[in-house]
Amino acid sequence: MTTVEAALAPSLPAAGPRGRSVGWWGVLCMIMTEAMLFVGLLASYFFLWASSDEWPQGAIERPEVARISVFTVVLLGSSIPIFIGEWANRRGRMSLARSALFVSFLMGAVFLANQVLEYRDLHFGWRDNAYASIFYVTTGLHGLHVLLGLLINLVVQAKGYARRLAPSHDVTVEVFSLYWHFVDVVWIFVFSSLYLAPHFA
Amino acid sequence: MTTLLPRPGAPPADEHELRERWEDDPGIPGFFGTVDHKRIGVRYLVTAFAFFVVSGIFALVMRVQLAAPNAHVLSPEAYNQLFTMHGTTMIFLFNTPVLAGFGNYLVPLQLGARDMAFPRLNAFSYWIFLLGGLMMYAGFAFGTAPDGGWFAYAPLTDSLYSPGKGMDFWAIGVVFVGISTTVGAVNFLVTTFKCRAPGMSLSRVPIYVWSFVVFGFMVLFAVPAVTLAAGLLEFDRLFDTAFFRPGQGGNALLYQHLFWFWGHPEVYILFLPAAGMISTILPVFARRKIAGYTWIVGSLVAIGFISFGVWVHHMFATGVPVLAMSFFSAASLVIVLPSGVQFFCWIATMWHGKVRFHTPMLFAMGFLLLFLLGGITGVMVAVLPWDWQATDSYFVVAHFHYVLNGAVVFPIFAAIYYWYPKFTGRMLSERLGHASFWVMFIGFNVAFFPMHMLGLLGMPRRIYTYESGLGWDWLNLVSSIGGFMFATGVGVTFVNLWVSRKHPRDAGPNPWDADTLEWATESPTPEWNFAAVPIVASRHPLWDQRPMTFAEDGAYGPEGALRRAIPITGGLGAEPEDVLYVPPETALPFWVALGLALVFVAMLVQAQLVAIVGLAVAAVAVLRWTWRIGDRDIATRPETEP
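As you go down the protein sequences, you meet chains U and L in turn.
With my numbering as the guide, the letters of the first sequence map in order to residues 112 to 312.
With my numbering as the guide, the letters of the second sequence map in order to residues 655 to 1296.
One thing to keep in mind: the hints can contain errors.
Some chain U residues judged to face chain L by a derived CB distance under 7 Å, without partners named [stated by the list, open to error]:
(1) G130
(2) L148
(3) G151
(4) W160
(5) S163
Honestly, the hints are just simulated from the structure, not real lab data.
Positions of the beta carbon are idealized from the N, C-alpha and C atoms, including for glycine.
The following block holds chain U by itself, in its conformation from the complex:
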């Protein structure tokens, strides 16, 4: 059937709905704009670096890499249970989906907890100089995204317990998964720019 003929007798495909949900596309758009927020922050970071004599500025030491690397692995790893959860949800294995979401939640929470503890251990405050400001604001904004992701994760789990997740409406899990992967991927750039790059300068 050609497009024109199909259009003259529009009807849904017999095999049920096709294509990504509208919500998925909407979240993809939001992610594009959120990504630009981080692009802007990292560009500001390198702009400030380029216009400074020393980096980090003042007497601040270069950030410690070893500790954060461990937690980076934990955060990136938290995407794996999300993949599993999405797969299980699509096949109607709801208890597996819920458990997978819970594991991912724990991993994300561990990362966030470290972030908070690291702030306590740092020897500088965000008022000290521009380096300190951009360091705190960039990692803080990412942390805020992780926190938001964890809250969404809880809501998705709650929807699971309330039997509001089913293969027929798995848009919730699908959309959350997209967002969580984004939060992970952004961290790769934040980590490389803020923690790794100063060591190679």
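Please arrange chain L on chain U, whose structure you already have, making use of the hints.
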């Protein structure tokens, strides 16, 4: 049972049932709860025009102050506040939302959809815009209106030099309006790609809708930069961080980079939908198809891309490296090419057509001339040596009023005259329309053309008064007279709107014999837009498909309208994929917006309790909202459904 008079080719539908399913509750619940893209669109327009009037009055007061040398109508402080709020209002609170308003109303209709892809987000986008706009004006209530220019350069706007809450409210307002525009952009993009009528392949999408696609992508990539600029500025002001404080390793130029990375694309974000309006209106009154559809769409996309490579031309005088300046100067010149392509397509359309001079066409042709003049001065200031001479002079003021007032406000007025019959079912008076156009057009040129000369004679921008004997006196007087003339012309249009309410003249469904789908349904548009979704087989459906074809069955036919269904289509050819249901009316978007506004305002005035209440309101509303996302049976379905 009353049956709708079927449009030629449309299957009959039960109007009473449709009303029951679609109409908002009367009174206050319906007012706060509506998710109807048409009501929201009109709301955007009314709000934006209210801001337009306020901002216009600011401009007139400034013109009174400048009409004669050494005038004392305004103090320097008041003058600074007025030009700041005039620019702020025009960019953030008039031009952007008025285009969003037209888009909201028209994009789903031109696509043959029954609503936007995300109707509740759409409502949210309006409320957050309104609250953001009110916040920007809140400074007047605190006696410290923002006075750092609409661009609010740091360090002038840092807490040391701009104490007082006005600046803080300004920055939060910028962030709120940014959120509103972003949410709107997402809605336009997804609606265009997923909610087209069957058969409307990408090559048949109306140019007006294309302009919103480019608008959408540009907003997604540009707005975060201004959010950052305003956000980081607030961190400096409120928490003493050091982003823009050179004494502590910060960099004040960073602010300008962030601001203009949004600021220049923003000019095109405003211009492209206006150009889309022209590409819609010109062919209808030239009585022929638009010349060079593909070229125009290509130009829109090209402008979208190139506009991200020109922002430094606002910073030529700040000491940027010469290599960078050369690049940005060249890119600024290149953008002339796609603009020129569009221009020649418009000329060709008129050249080969039989032009009818109705009011919308007059405004469109007025636009062509003003855009040409603004474009020429644009090329001039893109050239480095010229820019160094003209920067911060009235020449630049003349240039951007020709492009932002001439090339955006004139299309907006063309659109008012063109689509008013669609919105209300009533015609506007042609006589008053012609009068309004001529007074506005002549007034505009009398007001802004002398500014070119003033700039070349050395008059700087943003001065609140000047000495006599510099050769500026009579030009300023002329300019002020023109300003009042322009305002009078705008007033005539308002009178026209009022007269059409008092003495309505019925417009009929398609008064201009136009080609796009918004005219394929009754005027004013019924709540459900299309009882039966049109089936598209041409780029100009209402011209090429006589009678127009409508779907009869399932989600596409009247049965789907009863279930509040929006058919989802996909791919290049808009093949049917799925069905979406328009959610019932809900005040949740309003509560989320109000909660967020409370949080930010409370943080600024340090009322922790209010902030917590706001956060709680927003959180509960978001939870209730998201709890049902993903339910496919979200809309009211007939009980008889299996």
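Contradicted hints - numbers only: 4
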